[in-house]
Amino acid sequence: MIVGWGSPQPEGAFLEIDTLSIFMAVIYLTIGLMASIFSTREFEREDTTGYYTILLGMIAAMIGIVFSGDLFTLFIFWEAMCICSYALVAFKRERWESIEASYKYLIMSSAGSITMLFAFSFLYGLTGTLNISYLSVGLARTEGNPIMLVVLIMLLIGFGLQAGMFPFHTWLPDAHMAAPSSVSAVLSGVMVKVGAYGLIKVLLTIFAPMYESWRVTLAVFAVSTMFVGNLSALLQDDVKRLLAFSTIANTGYILLGIATGSQRALTGSLFHVMNHAVVKALLFLCAGAFIHKTGTRSLKELAGIRRSMPITGTLFIIGTLSLASIPALNLFWSEISIITAGLEAGMPIFSLLMVVNLVFSAVYCLRMIQTLAVKKETPTSKKAEEASLPMLIPILALGLLSILIGVYPSPFQTFAEEAAKAALKQ
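Residue 209 in numbering that gives the first Met the number 0 is what sits at position 210 of the sequence shown, and the numbering runs on without skipping anything.
Keep in mind that the hints are not guaranteed to be accurate.
Unchecked claim - Derived lysine-lysine pairs resembling DSS-like cross-links, with alpha carbons at most 30 Å apart:
1) K91 with K381
2) K381 with K299
3) K299 with K103
4) K375 with K299
5) K299 with K420
6) K91 with K299
7) K374 with K299
8) K103 with K91
9) K91 with K382
Keep in mind that the hints were calculated from the coordinates and are not lab data. Every value quoted in this text rests on a predicted model; they were computed, and no experiment measured them.
All chains should be built: construct the whole structure from the sequences, respecting the hints.
Rendered as structure tokens:
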């Protein structure tokens, strides 16, 4: 622990700041800032009353989650984050799809939150504490208690639902598609990573002594999530829905690193959290610029748009190439780390299945590039104009950051490694 607010007692609220929480908070703040700048132009013709308050409230709640040293405080911030996200998904309330997506997300997320709350109650009953540092010690005394397996399953459901883990992923494509594009960038770029963070804290800290009982189960969920996300993305024409399914697949990659359990694997997962946040925020903001200028989310209608919007189109292609795992771009390095860590940990089948999924991902990424850059312009894409400066600033910043991490990954990977050591208490 680097900084603690109060001393870590078995009872009461406690906030702590370690390298892992700093790592996550930096990502949240970066993506939140980019989305806020983009929003100033995205909503130029709409009423934004309450929008920035809710958006910044959600970012603050996510930071509160990673700074929480006990599960009660974590749950309070978790609910604040969820409430803000429901409102943001439904912000364009004049559209029925936004209301429907928000309501679906509300129902599923509430079920996950209730499941988590019951799990926390069981943990308190078994150990007498909700302090994360004390829980692993307390649970060691309950080894062999069958209720622990139930608690583990409940926590997998609660945190896995927010992360978009199969089979609890169905809210995610609708919410990302219906939300404003700046909100989609935050949802896909960072909010689903909060679920992954929760799994890291409970599995690798609290349930670390039970590692052998959950590693294969989580790995199976991870691979299933990859296949569902990538195969579904292959079938999409809506650009935002395609990107949402891609997020589900990338959640699977992150979960596989967590399941592998080694420091190298967790470093790969956290590095992928960073890389995917940057790339997916870039892609959603580019998609938002396309939609803002054309009024359509259809890839068929957006064909050839790079000619009309050369800067935005080129940066979208850079992000898509990274998503396709092209070497020298940032996602390649974190994916390689997860795959090699799986091989070293004796999980070659799961590593091979991840490689297969990367091939699927490359197929739909190359299809997007072909459609937007090579195909003939449509009447819709031909009338588009380049995005304005408030939209281009965050897009350019994220694009350059993606390239920087790709060509000079060492300091970013070292940051992820230090965060992994903090998570594993090494």
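These are the hints, each one checked on the structure:
1. This hinted pair checks out: K91 and K381 have alpha carbons roughly 27 Å apart, not beyond 30 Å.
2. Note on K381 and K299: the hinted pairing holds, with a Cα-Cα distance of about 13 Å set against a maximum of 30 Å.
3. With a CA separation close to 28 Å, the supplied pair K299 and K103 stays within the 30 Å bound.
4. The suggested pairing of K375 with K299 holds, with an alpha-carbon distance near 10 Å, which does not exceed 30 Å.
5. The straight-line distance between the Cα atoms of K299 and K420 is roughly 46 Å, outside the 30 Å bound, and the hint therefore fails.
6. Restraint check for K91 and K299: satisfied, since their Cα atoms lie roughly 24 Å apart, inside the 30 Å limit.
7. Proposed proximity of K374 and K299 is supported: the alpha carbons are some 10 Å apart, at most 30 Å.
8. The hinted pair formed by K103 and K91 meets the criterion: a straight-line CA distance of about 16 Å does not exceed 30 Å.
9. For the given pair, K91 sits about 25 Å from K382 by alpha-carbon distance, which is consistent with the 30 Å threshold.
Violated hints amount to a single one, hint 5; each of the other numbered hints is respected by the structure.
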